[in-house]
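Participant: With the hints as a guide, dock the two chains, each given alone in a separate frame, to form the complex.
The primary structure of each chain is shown beneath.
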Amino acid sequence: MELGLQVDDSRSPFTVLSVKGEVDVYSAPRLREKLVELVSEGHRQIVADLEGVDFLDSTGLGVLVGGLKRLRSHDGDLTLVCTQPRILKVFEITGLTTVFRISGSIDEATSAS
Amino acid sequence: MSGQRERRGVENLEILLVEDDAGDALLVEELLDGAGSGLEPVWTTTVAEAERRITARTLCILLDLNLPDSEGLEGLRKALQMAGRIPVIVLTGRVDRTLGELAVAEGAQDYLVKGTVSGEELVRAVRYAVERRKGQETARRLAEAELLAAEKARLERGLLPRPIISNPALSWSTRYRPGGGRALLGGDFFDGIELDDGCVRVLMGDVTGHGPDEAALGVALRVAWRCLVLAGAPPEAVLSGLQKVLGAERHSEDVFATVCDITLTADLSRAVVRLGGHPAPLLLRSGRVEADTVIQRGPLLGLVDDAAWPATTVALGDDWGLMLFTDGLVEGRTPDGQRLDVAGLMDLTSEAVGRGVGLGSLADELIASAERANGGPLLDDVALFLLGSGSRW
Chain Z
139 MELGLQVDDS RSPFTVLSVK GEVDVYSAPR LREKLVELVS EGHRQIVADL
189 EGVDFLDSTG LGVLVGGLKR LRSHDGDLTL VCTQPRILKV FEITGLTTVF
239 RISGSIDEAT SAS
Chain G
12 MSGQRERRGV ENLEILLVED DAGDALLVEE LLDGAGSGLE PVWTTTVAEA
62 ERRITARTLC ILLDLNLPDS EGLEGLRKAL QMAGRIPVIV LTGRVDRTLG
112 ELAVAEGAQD YLVKGTVSGE ELVRAVRYAV ERRKGQETAR RLAEAELLAA
162 EKARLERGLL PRPIISNPAL SWSTRYRPGG GRALLGGDFF DGIELDDGCV
212 RVLMGDVTGH GPDEAALGVA LRVAWRCLVL AGAPPEAVLS GLQKVLGAER
262 HSEDVFATVC DITLTADLSR AVVRLGGHPA PLLLRSGRVE ADTVIQRGPL
312 LGLVDDAAWP ATTVALGDDW GLMLFTDGLV EGRTPDGQRL DVAGLMDLTS
362 EAVGRGVGLG SLADELIASA ERANGGPLLD DVALFLLGSG SRW
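Chains as they are written, first to last, in the working numbering: chain Z, 139 to 251; chain G, 12 to 404.
Isolated chain G, as found in the complex (with noise of 0.2 Å):
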């Protein structure tokens, strides 16, 4: 709307007057019109009228302070809501300069008293008025792009940490993509530890919903994966507990999480897997792509009180990868219109190993190729944790 009015130029574009005293809203039409301007007057008599013709030709809203619905400040601060982006000058008697500026205090772009001022200086004043409007519009949305990236940051740091680990025969890489092409963050997070025995504990979870409540949640999960891991829980505890704290924090009954939580012998050669819900990692041996359907699952966290989630051992070799992923990778769109699936997922992967691309650029490699399949930035969060070991990595 503002765009369109943007391109328009001056051309067109209406001024609404609200003026309950004809003799002086005759004056303005005529200033208007004298200057040759092409501003097109718009007389109205109360605030509430003026709301309803504001139209996307509106350029300035030029307002009396003394009308039968909305004396004064009390008007302005009424016309003032009711504008939105459209600036307002306010209109003044003779007496009335202190009122003036202390409506520019107020929000209000200029001040005019009645009867001084001249046609040209009229619309000077307009256009004045508008540039101003469009550079307070433009430092305002700055200010709420910088609230949002700290907000963001903030709660990246929570979600998606650095992994912990050391073993130098471990490649591995993790990558976070918010969804929507939006600085909003959704509820995925991971994470990585080392333990002290050499198994490398991994974490890949999603919290269903969209929003700062699921992400604060998925903080908390994270946070809890980590001080069971390091407080010595079995992994076979480790989910239960997860959901216990799941019950305990979540901020409304209808939300979930999804994990998949991974052991990985000392020796790199096994993978014990536990699925909550959540799709099973890919598996990569010898640069060939599986998706491991003999891989058991459990339920998603927060659905039944007494769940189990069955371990799988996946005995990996001495060159593989594994490819943790969360469903927003997966929901894209492919150019037929059909979702991306793991199925198209796995396409891609096998596609870019095949290349030669390595652990470090894979993940971006993957969601720029869901992304193009899309035709566009994904809706929902991506996140990836892969894992290799065997000189491919």
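Okay, chain Z solo, but in the shape it has when bound (with noise of 0.2 Å):
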């Protein structure tokens, strides 16, 4: 399937990345790019929306982990917005869940400071 990447940077200063597909080891490579083209843009405060997310396998985890450690290193952060049990667990099961903010909703996410 498709890898579907929207921007929204109208919720400033927070650009909102929404990711909708399958995120596996064909489609990562279009999300690392998309967060590198983000953060090369000047964008800090990234939060990936990965609510229609059908998959992700270690490779995608491994980009996002690339894309908020690049983040972190400019000072940015990037949070998930993801409720879906399946995602969650992939993320408990690799350790992800207390490195990564994950908030329940895009709102929650961009309201945080």
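These aren't lab readings, by the way, just hints derived from the structure by calculation.
Just so you know, not all the hints are guaranteed correct.
According to the in silico footprint, chain Z covers these stretches of chain G (three or more CB under 8 Å from chain Z) [what the hints assert, rightly or not]: (1) 155-169; (2) 210-222; (3) 306-314.
Ideal Cβ positions, reconstructed from N, Cα and C, are used throughout, including at glycine.
Facilitator: Right, dumping it as structure tokens:
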């Protein structure tokens, strides 16, 4: 399935990146490119909305963590929006729940300071 | 595309003629027409134009070696590049025979001297050129496949060694299947070593991502684990050692590894499990499958600098099996479009063990079942390490 990526920068200072579809070994490079592009354009508070993600494998996780590291090294942050138990389980197994800030909605993610 | 071309036979196929002299072009068209070949000439005057006119129906390219945009062998090289798998036959004048021979050495399928060829000879030259090019393509693919197989075998030796386990009370079996039905490796790795004190150390790991870099990193981590274990590093220090190796060896900051590290006590009654972002092993006790949810988890390797990986001791009893696997096995689909997940794997395992499938063939059974559910080969690599003790195995 196609990976859908949509950027909404109307919630300054936050930039919402909506990810839809399957993030796997084949599509993850596109997500990486998009994150790198956003960081290089100066976006620092990125909220990745994963509510439309059907599947996330370890390569996809690697890309998200890479994005987080890149942002934190620029004093930014990557917050995830995710309520799907299956996707949350992936974060839990890999120990990422302690690394990412995971929010229940875009509003919640963008209201925090 | 080429399959379609082959099935259509010679009818309705095109000969792409690259010739700037209208008279010579007309001559070739008449030859093709006169031979009743059914081949349609498409006339272009430059290599650049020819490139735009290549279609799925292009059978062969006839190239004049004296064109305004591409003269002599330089022009031929350009034409060969744009032609790809389509054969190129060179047309030369009467005085250029040597050039024709050079062109064949350069990669043209044949050369024809203008004004000396009959229509029948032209069509035959085209047919032979097509067959020869097909043969070359097959040989090239074969050579490529052989190279790939050699590369794969080399990495596989590094990633998937034969465990060094001699305790006769412990049965074990390992299996690896590359992903996507292709002969390309990912970064799954495993190992198993019985130490002098009788403890058995077991490892299953997976480098995130897919490809030769990841596979090479998997080899590095697997060998590092073996070195740490053989050098007597305490189990609690092994994963942080591996994380250091990963940090030093990885080719990109986005690359991580998951590991499951197990120590079996010498009497095989207990397992000490450490998870670094890896799925917990399935535990079979008295033939029943349990996913041990009480196993504590640590993070992926390469994620947090000062990470700790808690140890969980699992009492095994005297009739047990442990199944370590990589996520490729549970990420396949099921007929209803969902993913197999660990729950699905547990069902498949219960079912197979219930049928009396032994340790030696359980891995193959599970991979086959997962592929059947997926409706084809699984996309990602799959590695399995099964261990068991008791009369059942």
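Participant: Does each hint fit the structure? Answer for all of them.
Facilitator: Now the hints, each set against the structure:
With 0 residues having a Cβ less than 8 Å from any Cβ of chain Z, the segment 155-169 of chain G misses the three-residue criterion, and the hint is violated. Only when three residues or more bring their CB closer than 8 Å to a CB of chain Z does the claim for the segment 210-222 of chain G stand; here the count is 4, and the claim holds. Coverage of the segment 306-314 of chain G by chain Z holds. Counting CB-CB distances below 8 Å, 5 residues qualify, and the rule asks for three or more.
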